[in-house]
Amino acid sequence: SAPSDIWSLGIICLECAMGYHPYRSATSYYDLIVEIGDTAKAPSLPAGRFSPSLRDLSAACLASTPADRPSCAELLRLPFLASNSPNPCAPPQTSSAPSANAWAPGTAPGAAPGAVPGIVPETAPE
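Going by this note's numbering, the residue at position 23 of the sequence shown is 23; the numbering climbs one at a time, nothing skipped.
Hints in this document: simulated from the structure, not taken from any laboratory.
Treat the numbers as computed from the prediction; the structure is a model and nothing was measured.
Cβ atoms here follow ideal geometry from the backbone N, Cα and C, with glycine treated the same way.
Some hints here could point you the wrong way.
25 Å max Cα-Cα, derived SDA-like pairs, lysine to any residue [stated by the list, open to error]: (1) LYS41 with THR27; (2) LYS41 with ALA67; (3) LYS41 with GLY19.
The following label-pair restraints were derived from C-beta to C-beta distances [unchecked claim]: (4) THR27 with SER83: 36 to 42 Å; (5) SER28 with SER83: 26 to 32 Å; (6) GLY19 with SER53: 28 to 34 Å; (7) GLU74 with ASP31: 31 to 37 Å; (8) SER51 with HIS21: 17 to 23 Å.
Turn these sequences into a full structure, and let the hints guide you.
Written as structure tokens, this is what we have:
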């Protein structure tokens, strides 16, 4: 469901920010379920180490009640995402890197027929 995906995004954000999984002390699947279900111990980013906007994003995603979690559209309006990029889903473009649309799949120089850059080898086997 969308609310569980939003919760998962919150866990991923928290893990990326902290550098470790927030439920790392769980030693079994049962322990993990118990920890996740204990709303008194919901994970959060520590104040002072992270921006308030990132902490708000994480807290919104990890709301214990699924109905209290934001939708995808609401997430994009939160300050952390809205203030960091005019289009937070678009990769940054640099002058030294070709556009993602520079070549159609399979048309890169030396590409094998049907090659998709980065997924299928771009050169035909010999």
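Structure-inconsistent hints, enumerated in ascending order: 5, 6
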